[in-house]
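Participant: Sequence:
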Amino acid sequence: MTGKVFLVGAGPGDPNLITLRAVELIKKADVVLYDRLVSKKILTMIPKKSTAIYVGRAVGDDYKHQDSTNDLMVKYAKTKRCVVRLKGGDPIMFGRGGEEAEYLKKHKIKFEIVPGITSGIGSATYAGIPLTHRKFASSVVFVTGHEDFEKSKEAVRWKKLAKSTDTIVVMMGLSRLGIICKQLSSGGMDKKTPVAVIQDGTTPKQKMITGTISNIAQKVKRSKIEPPSIIIIGKVVSLSKTIGWRKK
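Numbering (our numbering), first residue to last: 28 to 275.
None of these hints come from the bench; they were simulated from the model. A hint or two may mislead.
Quick list of in silico lysine-lysine cross-link-like pairs, PhoX-like style, CA-CA up to 25 Å [as the list claims (entries may be wrong)]: (1) K105 <-> K68; (2) K232 <-> K209; (3) K190 <-> K162; (4) K218 <-> K274; (5) K234 <-> K246; (6) K274 <-> K67; (7) K105 <-> K55.
The model shown is predicted, which means the values in this text are computed figures rather than measured ones.
Working from the sequences, and respecting the hints, build out all of it.
Facilitator: Written out as structure tokens, the structure is:
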């Protein structure tokens with residue numbers, strides 16, 4: 028009997044932000060294939076009778092790792108009823124959920140995609156940064172700071188983004204922060220434009236450094252900020268001083 032694969036978003040870090048649907052599926056899963064950024068508290072929800080397999084990967088890992096994960100989904104779907112592919116954040120926001128869904132469709136495996144709060148939104152909210160605001164930002168764009176190296180050319184046109192959007196949220200871009208800021212500056216963005224870099228957003232370890240596109244790279248280097256981190260660029264960053272609500 029062929030089972031079904033559920034591509035499930037576990038949320039941005041705080042286990043209390045996971046959806047009810049995600050909890051329901053985890054608790055009845057026969058197999059859970061989970062990523063690196065899934066909260067340990069969420070993993071405790073996996074029943075002892077279930078098979079839990081770590082399939083996480085970090086930036087720079089062998090791309091063949093994804094092929095192995097795809098094969099595992101199909102393998103277990105053919106022998107188990109409920110297979111949960113558990114991902115940090117949202118499964119289809121830079122989470123390869125779209126690619127995995129295509130693979131399952133190709134192999135005639137039933138699937139369902141369960142949304143989760145993406146880290147870009149969760150981290151901003153916990154830092155007191157509204158990504159949109161009537162006075163400061165009518166547009167927001169989410170971009171990856173780490174594109175597929177197999178692309179024929181870079182798709183993110185930073186110089187165009189410099190003047191075409193109010194708020195830019197960069198995911199997986201910490202190692203290229205300096206380059207990104209230089210590109211935005213070259214595109215005409217004011218060098219005084221505020222920037223926030225948020226590490227471990229929504230968790231007790233959350234840490235935020237703020238600056239401008241002219242100095243944030245140096246400030247981050249001095250503060251030893253590490254991945255996973257979200258970069259937010261735009262005037263709305265300055266509002267964190269006013270509406271930041273979390274106790275430090």
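Participant: What hints, given by number in increasing order, does this structure fail?
Facilitator: 1, 2 and 4
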